[in-house]
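Novice: Sequence:
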Amino acid sequence: MLEIRFLSQNQFKVAEARVILKDAGVSVVPISSKVEELQTEDSKRLVKDKAIKAFKQVGRPLFVEHTGLYINYMNGLPGGLTQIFWDNLQADKFCEIFGVDSKNTLEAKTVIGFIDGQQFFSLKARFEGLWLLNRVVIDRFSGIVCLFQMAIHRPSRKWAIRSTKSQ
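Per this note's numbering, the sequence shown starts with residue 1, numbered consecutively.
Since the hints were derived computationally from the structure, they do not count as laboratory data.
Heads up, a few of these hints could be off.
Claimed, not checked - Listed below are the simulated DSS-like cross-link pairs for lysine-lysine, each with C-alpha atoms no more than 30 Å apart in a straight line: (1) Lys93 to Lys13; (2) Lys124 to Lys44; (3) Lys34 to Lys53; (4) Lys13 to Lys34; (5) Lys53 to Lys109; (6) Lys13 to Lys53; (7) Lys109 to Lys22; (8) Lys109 to Lys93; (9) Lys34 to Lys56; (10) Lys34 to Lys93; (11) Lys22 to Lys93; (12) Lys124 to Lys53; (13) Lys44 to Lys56; (14) Lys124 to Lys56; (15) Lys22 to Lys34; (16) Lys109 to Lys44; (17) Lys22 to Lys53; (18) Lys124 to Lys22; (19) Lys109 to Lys56; (20) Lys109 to Lys13; (21) Lys124 to Lys109; (22) Lys13 to Lys56.
None of these values were measured; they are calculated from a predicted model.
Work the whole structure out from these sequences, hints included.
Specialist: Here it is, written out as structure tokens:
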């Protein structure tokens with residue numbers, strides 16, 4: 001079975017990656033090291049920087065991930081800064097502040113980055129939806145916080161793969 005390293009301090013993300021990749025014959029090896037993230041709204045730049053820093057620590061091919069919430073009434077914030085907002089406000093306060101209008105729309109954008117020491121690859125996904133609750137509901141298996149309902153009638157999921165030489 002192929003092994004791949006995944007930098008994440010979130011045990012639920014690691015468990016989810018294991019489930020997803022198991023059928024592909026890939027074993028996920030968690031790396032719980034902390035890498036200081038760039039303070040930027042550019043998620044792709046953030047993920048690439050995080051992957052390069054993690055590779056320098058570990059010296060082995062690995063992948064990292066970042067999901068940002070882009071709230072329309074906040075002009076797209078917190079975006080790439082979602083983790084900082086989330087860590088400081090915590091889930092309930094985050095929902096109290098940003099979930100003020102059940103008609104409010106938002107996007108969740110995820111960037112997954114893989115680095116092998118020679119190249120950096122990234123995948124992007126974007127999901128539109130409506131704010132679901134002004135309190136937190138957590139899926140106990142995945143640890144995913146259910147904040148919004150995806151706009152099933154207007155799917156906007158897009159995947160893109162990019163390759164660039166790492167510096």
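Novice: Return the numbers of the hints above that this structure violates; sort them in rising order.
Specialist: 11
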